[in-house]
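Visitor: One-letter residues, chain by chain:
Number of protein chains: 2
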Amino acid sequence: MDLEDTLLMMPGPVTVTPRVLRAMSKPMINHRSAEFAGIYTDCREILSSIFQTKNDIFVLSGSGTAGMEAAVGSSVGSGDKVVAIENGKFGERFKDIAAIYGEVVPVVFEWGQPVNLEVVKEKLEEGAKAITLVHNETSAGILNPAAEIGKLAKKHDALFIMDGVTSLGGDDVKVDEWGVDIAVVGSQKCLAAPPGLSVVSVSEKAFEVMKDVTKRPYYNDLLAYKKSGDKPKAETPYTPAIPLFYALQEALHIVKEEGMEARIKRHRVLSEAIRAAVAELNIEMFPQLNEYSHYSNTVSAMKAPTDVTGEDIKSDMKARGVIIAGGQERLKNKIFRIGCMGNVTGRDVLSTIQQLEIVLNKHGYIDRLGAGVEAANRVLDRA
Amino acid sequence: MDLEDTLLMMPGPVTVTPRVLRAMSKPMINHRSAEFAGIYTDCREILSSIFQTKNDIFVLSGSGTAGMEAAVGSSVGSGDKVVAIENGKFGERFKDIAAIYGEVVPVVFEWGQPVNLEVVKEKLEEGAKAITLVHNETSAGILNPAAEIGKLAKKHDALFIMDGVTSLGGDDVKVDEWGVDIAVVGSQKCLAAPPGLSVVSVSEKAFEVMKDVTKRPYYNDLLAYKKSGDKPKAETPYTPAIPLFYALQEALHIVKEEGMEARIKRHRVLSEAIRAAVAELNIEMFPQLNEYSHYSNTVSAMKAPTDVTGEDIKSDMKARGVIIAGGQERLKNKIFRIGCMGNVTGRDVLSTIQQLEIVLNKHGYIDRLGAGVEAANRVLDRA
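As they're listed, the protein sequences go chains A and B. Position in the first sequence (from 1) plus 172 gives the number in the working numbering. Position in the second sequence (from 1) plus 172 gives the number in the working numbering.
Just chain A, with the same shape it has in the complex:
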């Protein structure tokens, strides 16, 4: 099957529209020039409204993980306590990064279990320089309580570092209102640009803290990004991935044209349609929720049905031209995940559910086609 004929429904990298792909075919430019500064400045302005922030914004030539390391490594030094909340693979990654730069206070819940705010509170009361949270835990399909963690962080004077890698640009993220000191997004998720860039917003408070950190990472140093990024220069400290900046700029224009309100609604409706479909097909959602947690609106994680593994579903779907994701590491085979990020349409979701029904039917898990599609379509029609 040709690449162009597949439907990408993974939790990133997502489909990049031809309009954005074409933007990458422009010739290279000097990255220390007014031309580059113009592109960078345009990107940062649109990103500010996506992040809902007045904080400084930087575009790093590295994936979301580079952004996560920049956030933690620039603001945490030897001996600094970091409360690291984990309820999935990316929470664990924050914890691992924090262990390199500071002293980790792990707050671990089983992957897919909700965050218990009481436990977080207790740890913060013991004193911490920073707290890390993955807003939308991609590995488990759960939306964690960012606003509530923001309040706790403020109360205990801890820096709030948030991975918004798969929420920003698709779901509602209020960086300033929630008090997020450093927020991170990846280019290849809800922004629908190619992978390779991350975007980081940094509060004044975070910059103050960074000045006292002596062993910051070199490539992912947010103070270096600030020094080069300040107007009127608007440069990056090291050579940026120029074609990816061309692509990001075009992808951001698409976001702006749709409008963030409409974009958030679309992600929510499409993910609700997926949830309605799988419920109708007797497939259980994977994450456990509590009063502060929600199903992700950008990636749906479902338990694999009895006798059919997550990898079976993933590979059968791939053979039928739809790329979805299985579970990662300890969740491998136990779950499967359908991403709904970027410029996904209702037709894409219905086509995915249709193929999922065929796969489940082939495995004898359902005995007729159409029920899931109908349930999904009811949600789409109502919206």
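These are calculated hints, taken from the structure and not from any lab test. Heads up, some of the hints might be wrong.
No copy is singled out in the list; a pair is fine if it fits within one copy or between any two copies.
To be verified - Think about it this way: if two alpha-carbon atoms lie no more than 30 Å apart in a straight line, the pair counts; the simulated BS3-like pairs of lysine-lysine are:
hint, residue 1, residue 2
1, 377, 475
2, 323, 293
3, 326, 475
4, 261, 405
All values reported here derive from a predicted model rather than from experimental measurement.
Fit chain B to the known structure of chain A by using the hints.
Guide: This is chain B only, laid out in the frame that chain A set:
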């Protein structure tokens, strides 16, 4: 002036041919897939022959600076002594990176001055875990004695970490013969791909050393690259910049089609032509050489003539459609640099010299046009 009408003669990013630009317009793929592994493996095979090495090769989604940090940060820990040779901006950068991860023993020569091997030897005799060298110092246009430093490193059992960012793919670099434990190249220089990737080769000895380093950087961790990169997986630890991999693969095929021998000869002849032209125009080369040092064959650094600054020449050339570079930091205004990297042709060089003559004539520095072009063309004709 339209971007497409300019001639890029900077020391990177270089012109990327339409064939390579078009490769980036392919749709995104899952980076944990056979498709991606195939691309990565193909790139690594061609890169092995460019590096002239049997060592492991990794492609990092970050610029040459990310590769430099990966090299030093993965192999040097707290208290480890690093002899850092500096005779330009990128040597200084290695020194700054080494200061984050270990204890620096600086060996500093004024930018553009040759490396004195006696001084290096003395420092190594005091004991060091590693030594860093910039092979082709882009900021000063000087080619440093890599083979000789390799011998000294071996004799004193120090890890040899070499920045080949602007030599690999354009000049002769014998990683195995010289005993380079870690070599780094950037995608946007002599390989003629877009910026955003770096390539690192790692010896078995370097891997052994890394295992004892506990606080390696997270994103730029070469052991993580090894773990994910080992066959048959051939993955990267974090989401790679997929379009840049498409471009790199195509750019490497162009290198393979030309053949490294022919490619090295072309870079040498073109740079010799530039040197012949500027000599004829009474412009002095900037670097000072000794018996072990040479003019760079990928970037020529010239002293700005009396009464005309490097920035004047750069901006006048830009107005005429040719993008060259000035001096960086302390060398600003004192020098100007003409890059000769990637798929540059004799016609490009002659056109650049022609425009340089016009600019110098406008400033009253030369009184007739053509002498530089003639000198350059004699070199080209002879080759």
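Visitor: Would you mind marking each hint as holding or not holding in the structure?
Guide: For each hint, the structure was consulted:
1. 377 with 475: Answer is neither: 41 Å inside a copy and 45 Å across each miss the 30 Å cutoff.
2. 323 with 293: Intra 10 Å, inter 58 Å, cutoff 30 Å: intra-copy only.
3. 326 with 475: neither (36 Å within a copy, 55 Å between copies)
4. 261 with 405: Classified as between; 20 Å across copies, 38 Å inside a copy.
The structure shown violates the earlier hints numbered 1, 3.
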